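Asker: Here are the chains, one letter per residue:
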Amino acid sequence: MSWDSFIWFAAAAVILWAVGSALAWTGKNRKTAIATYCLGLLVFFTFILLMWISLERPPLRTMGETRLWYSFFLAVAGMIVYGRWKYKWILSFGTIMATVFIIVNLLKPEIHSKALMPALQSPWFAPHVIVYMFSYGVLGAATLMALYILIFKKEKTTLEDMATTDNLVATGMAFLTFGMLFGALWAQEAWGTYWGWDPKETWAAITWLAYLLYIHFRIARPKDHQTAMWILLLAFVCLQICWWGINYLPSAHATSVHVY
Amino acid sequence: MPLFAKPWKLSLGFIFGGILVLAGFVIQVVCGPVRWESMSSPVNLILLVVFLAFLVIAFALRHKVGFFGWLGSPSAAVPSIACTLLMTIVMGLTAQIPERGWLGNMITFWPFVLCYVWLTTVVGLVAINHLLRVCHSWKEIPALLNHLGLFVTLVCATLGSVDKQTLEMTLNEGGVETVGVSEDGRKVETGLSVQLNDFVMETYPNGMPKRFASDVVVRGKSGHDIPGVIEVNKPMEVDGWKMYQYDYDSEAGVESKISVLQLVKDPWLPFVYAGIFMMLAGAFLMMFFGFKKEESK
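If you read the sequences in order, they're chains U and Z.
Terminal number for the first sequence in our numbering: 260, no gaps in between.
Terminal number for the second sequence in our numbering: 557, no gaps in between.
Think of the hints as simulated: they come from the structure by calculation, not from any bench.
Mixed in with the good hints, there may be bad ones.
Chain U regions said to be covered by chain Z (calculated; three or more residues, Cβ under 8 Å) [what the hints assert, rightly or not]:
(1) 21 to 28
(2) 137 to 146
(3) 170 to 179
(4) 213 to 222
Treat the numbers as computed from the prediction; the structure is a model and nothing was measured.
Glycine is no exception: its CB is placed at the ideal position from the N, C-alpha and C atoms.
With the sequences and hints as input, model every part of the structure.
Answerer: Laid out in structure tokens, this is it:
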């Protein structure tokens, strides 16, 4: 399997997701919507698996490969929210977001060789990155909730809306914690320093603290929904800097082991 | 009305944070940066005892002294997280190169350190609170693990970093070495004698490195010869020293007859691990139970 066939798998997945999302909008065929959408997930994941097999290593090494997982987990997060809380718009947004990253990958695939440098040959490598990508996907869905509440929703914010956002953040934060601590345990095994304030680590701490701020603001001031949503948007900006923005920060370029 | 009386306003916390940053700035000007190296054992142990004693006293007096009550409340948690976040963002935006002045060395910058101390104090007080309540309600367990885990990790990582020894040991094939060189260039007797039998470097067809390994025999306190292979991501441990594959003669490449090991001794590591595993367990539980909200208030 190579990146040449990506376009076919991606197209099939996006069409299935789009049909599933359209069915969700009508509100009648909930089960068919879920089934169609899940079929799209299956097609997309099949490509990831085939890449994994042909590369002889998990496809997690390059920016393009992490985007692959991100598209997948965004779609998964959309599915979870729809299945649990029944927002009919979420599948469409999940599909659009996932498609954006698929298009980025088609236009700028960032060639993926088989070689895996010794520092990355660790049992921690796959869980560290997959857990982070899942967290980014779920927190992406939480960001969509924040935009929906702040901009698109005309009526008053309901407790249900807030509960959904809180649950997404709780899940995302749990996986963010896993990702960060798996990274620490890995670094300890690789070079004896579980935390070294490398720029990527610093921005991981910033992202973690930003979502921690949201959680504690929700507890301290549960009725101030607006400020909470703005914190959530700020946190998402931090997350993006941590993930890829850091490659463009002069402060990080000098010293980071994580530039890729 | 006393300053720290309920209901606590968030703005009060931000004023407190501002004063803390300002105070840190003054200390930085007057006394210079934080000298972590002066806090090695037993100073760090004394600091730990004093800090824990302060937390227990503050907790005991939380109903009598408004300030202590506030310090363990969500109204202090929010500004303490926000100030710590801000300081860490400053660190993320400035290249951490000590020659570039205060902001190039944030971990010795007083405002940065004081914000983290404040955060740790709040986390500690909340952890004590959950610790006492957990006997009455199992629902406290996730929050207890999250707060106590973070507290233990922060405290032990910070105080422990002072006692951590990191040495580089350069080995020649066939030779034996007992001395390591510390980060500040001092020669240190490790108490180990390490013999390098062979250094192996494998490459991919395109020349990229695939594997680095040192075939060694180590003799420690026991006097027995312990054979082992040290690879990237596969360290070896003897007498509390963890030995990592660190470097080689990069000019010679595959032909390198030199291997550089990094030796690390970190006596506080088990406690940091305890904290990390508590946080992992806490995060796992948070997935299912979410975080506590009191919307009705």
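Asker: Give a verdict on every hint.
Answerer: Quick rundown of the hints versus the structure:
For the region 21 to 28 of chain U, the stated coverage by chain Z is violated: 0 residues have a C-beta nearer than 8 Å to a C-beta of that chain, whereas at least 3 were required. Only when three residues or more bring their CB closer than 8 Å to a CB of chain Z does the claim for the region 137 to 146 of chain U stand; here the count is 0, and the claim is violated. Judged by the Cβ-Cβ criterion of 8 Å, the region 170 to 179 of chain U is covered by chain Z as claimed, because 7 of its residues qualify and three suffice. Only when three residues or more bring their CB closer than 8 Å to a CB of chain Z does the claim for the region 213 to 222 of chain U stand; here the count is 9, and the claim holds.
Violation of the numbered hints given earlier is confined to hints 1, 2; the remaining hints are satisfied by the structure.
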